[in-house]
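A.B. asks: Spelled out from the first residue to the last, the chains are:
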Amino acid sequence: AQTVTQSQPEMSVQEAETVTLSCTYDTSESDYYLFWYKQPPSRQMILVIRQEAYKQQNATENRFSVNFQKAAKSFSLKISDSQLGDAAMYFCAYRSAAGGTSYGKLTFGQGTILTVHP
Amino acid sequence: DAEITQSPRHKITETGRQVTLACHQTWNHNNMFWYRQDLGHGLRLIHYSYGVQDTNKGEVSDGYSVSRSNTEDLPLTLESAASSQTSVYFCASSESSGGARDTQYFGPGTRLTVL
Numbered sequence: 001a002q003t004v005t006q007s008q009p010e011m012s013v014q015e016a017e018t019v020t021l022s023c024t025y026d027t028s029e030s031d032y033y034l035f036w037y038k039q040p041p042s043r044q045m046i047l048v049i050r051q052e053a054y055k056q057q058n059a060t061e062n063r064f065s066v067n068f069q070k071a072a073k074s075f076s077l078k079i080s081d082s083q084l085g086d087a088a089m090y091f092c093a094y095r096s097a098a099g100g101t102s103y104g105k106l107t108f109g110q111g112t113i114l115t116v117h118p
Numbered sequence: 001d002a003e004i005t006q007s008p009r010h011k012i013t014e015t016g017r018q019v020t021l022a023c024h025q026t027w028n029h030n031n032m033f034w035y036r037q038d039l040g041h042g043l044r045l046i047h048y049s050y051g052v053q054d055t056n057k058g059e060v061s062d063g064y065s066v067s068r069s070n071t072e073d074l075p076l077t078l079e080s081a082a083s084s085q086t087s088v089y090f091c092a093s094s095e096s097s098g099g100a101r102d103t104q105y106f107g108p109g110t111r112l113t114v115l
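As you go down the protein sequences, you meet chains A and B in turn.
For the first sequence, the numbering used here begins at 1 and goes up steadily by one.
For the second sequence, the numbering used here begins at 1 and goes up steadily by one.
It cannot be assumed that every hint is accurate.
[What the hints assert, rightly or not] Stretches of chain B that chain A covers, calculated by requiring three or more beta carbons in the stretch to come under 8 Å of a beta carbon on chain A:
| # | segment |
| --- | --- |
| 1 | 31-45 |
| 2 | 62-76 |
| 3 | 102-111 |
[Said to hold, decoys possible] Derived CB-CB ranges, DEER-like:
| # | chain 1 | residue 1 | chain 2 | residue 2 | range |
| --- | --- | --- | --- | --- | --- |
| 4 | B | 10 | A | 117 | 29 to 35 Å |
| 5 | A | 9 | B | 12 | 26 to 32 Å |
| 6 | B | 111 | A | 15 | 27 to 33 Å |
It should be emphasised that the hints constitute simulated quantities derived from the structure, not laboratory data.
All figures in this text were calculated on a predicted structure; none of them were measured in a lab.
C-beta atoms are modelled at their ideal positions from N, C-alpha and C, and glycine is treated no differently.
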């Protein structure tokens, strides 16, 4: 079974600065997808960014980018020019690309609470 | 616009009672999922369904059941509520394409308290 670990329960950053959230995962599969979700105080789960394991290029979405290290099984999220609205819980998640009973299911990390200071 | 809704948003119940949490999606997605969120554990999969009449157990299925009689709904039932089931419950749905763009859309969550 796959596992996802976020070792930073809490992180903080000054507004306009850059912060990196860490995520490691364990899998024996070669093809999979990785995601970062944001959960603001409203509790709504919002997809921030996704990465296909077969792609070497790191995904980027505006101020959000990832550092995907497949051999190290590491998938960190970098938030540039942090804004007050970035304050939230962030979850790293894994999804197998295989079919059968692994199909479509997400495995989540424990979450990292990000505080943004003005 | 398509959406996924959950009801109730908040529920307080007593130990031993049967509780049903509703999930309804208008995306016409085949896949539906139930997760529970607990501090220190992230979200954990309870049950999931790949289509009508299909249900499967997830990582933490003990004490929960689901049924899928149509595409839109996947109600989650706690057979006999226990204090350990106090949690926030999320329903999600996704297409069945399996590709990277097969995004899971989440409902707003239900906060359940078992006294």
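A.B. asks: Hints first: check each against the structure and report whether it holds.
C.D. replies: How the hints compare with the structure:
1. For the segment 31-45 of chain B, the stated coverage by chain A is satisfied: 9 residues place a CB nearer than 8 Å to a CB of that chain, which reaches the threshold of 3.
2. Counting residues of the segment 62-76 of chain B whose CB falls under 8 Å from any CB of chain A gives 0; the rule of at least 3 is not met.
3. As drawn, the segment 102-111 of chain B meets chain A at 6 residues by the rule of a beta-carbon pair under 8 Å; at three or more, the given contact holds.
4. Range check, residue 10 of chain B to residue 117 of chain A: Cβ separation about 31 Å, and the 29 to 35 Å hint holds.
5. In this structure the hint that residue 9 of chain A and residue 12 of chain B lie 26 to 32 Å apart at CB holds, the actual value being about 28 Å.
6. Between residue 111 of chain B and residue 15 of chain A the CB atoms are about 30 Å apart, so this pair conforms to the stated range of 27 to 33 Å.
The structure is inconsistent with hint 2 alone, although it conforms to all the rest.
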